[in-house]
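Enquirer: Sequence:
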Amino acid sequence: MKEMKKGQEEMKKELEMGQEEMQNLIRAEKAEMRAQFESQVEEMKEHVNRSIGKVEEDVQSVKTEVDEVQEKISILQQRISDLEIRPNNILASPELMYPRPMVKSLTFDGQTSWTVFKMQFDVVSATNGWTGPVKASQLVASLRGSAAEVLQGILSDKLTDLTTIENALESRFGDSHLTQFYRTDLKTRRQKSRESLQVLAADVERLMNMTYAECPLDVRESLAVQFFVDAIRDEDTQLSTRLIGFTDLKSVLAYSMKYEASKIASKISMHASPIRIEDNAGKRKDEKLESLLGALEKLLDRLAAGKKNAPRRNPNVTCWKYYKKGHVHRECRSDNASRRNSNATCWKCNKKGRLQNECQQITSINHHKETRHGKDKALSRRSFAANMI
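Residue numbers (the working numbering): -15 to 373.
Keep in mind the hints are simulated off the structure, nothing from the lab.
Hints are not guaranteed to be accurate.
Keeping only pairs whose Cα atoms sit at most 27 Å apart, straight-line, the calculated BS3-like set for lysine-lysine is [unchecked claim]:
no., residue 1, residue 2
1, K(-3), K(-14)
2, K335, K309
3, K272, K282
4, K88, K142
5, K176, K247
6, K176, K102
7, K(-4), K(-14)
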């Protein structure tokens, strides 16, 4: 029992000693951790202090720069005030004069596109440095003709307001209210008889810009190609260009021009007459034959014209004295016979009561001779021409 108590006491002492060592270790670790924490805190304080010092330096430098800028602004304000109060006859000092390229102002008479003029005027204004009232004054000064008449509908106190002037010109000469008209013109556009493909493409592109300006570029190119191909006058060129499948207007125009040129060249080569080589004798013979045939044709034309121009008597004409049809009174045989000597005799047929020029027998014989002579003459012409050939 004594030994057990003694062992328990020794174990108790060992436990107490172990607890004391553990407490000492804990105290040492706490002290070490406290020291590390304090050192880190000190380092953070130093870092913060350094950052604060740097920020203060930056703030100070910014304040210095602000002061310098304010000083420059005050100098510029002083110069501006000096320029405002300076008399007009005193020239500006060289250091205050800045050279600026001046672009000549444009003019607008209402006959050209307002949209194009506005773009040009904005570029000129930006180059010359015109803003606000100065730009409005320059715009008013550039108006001519019917465009200047628009100013009559603007109040006098609004003539320096750029927005008011531009709105008035836009409502009078703008293209926004003509969109439907341009769209219809684009759909019905066809190539004219002597219009080139370049002019047609330029007009299609112009109408596209005025009609579909809000569409993306690829959509406008596709629509321009479609309208251009539909407007081509030649069916073969239109079909070939449509089948090639280009998506931009420049490529379609180049192809259609090449196709048209090759087609014209092919037609020229197909219809070109062959070169004939003849000797001089044959050439002279052909020339004589052509001249002879020409003379014969002229003679026949004269004869035909003489027959056509010969007066043709109306069969219903009536003699006013004896009421007989087929002749007039001055050719009336009954009247001539009554006035003629009863002993008058035709020297050809030896019959009394008429003269030779009134003899029916002589008239029929002469008519037969003339008819036969005309037929023989025509046959002789034909045989002569055949022998010459």
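Enquirer: Each hint should be assessed against the structure and marked as holding or not.
Expert: We went through each hint and held it up to the structure:
no.: 1; hint: K(-3) to K(-14); verdict: 16 Å, holds
no.: 2; hint: K335 to K309; verdict: 26 Å, holds
no.: 3; hint: K272 to K282; verdict: 15 Å, holds
no.: 4; hint: K88 to K142; verdict: 25 Å, holds
no.: 5; hint: K176 to K247; verdict: 19 Å, holds
no.: 6; hint: K176 to K102; verdict: 31 Å, violated
no.: 7; hint: K(-4) to K(-14); verdict: 15 Å, holds
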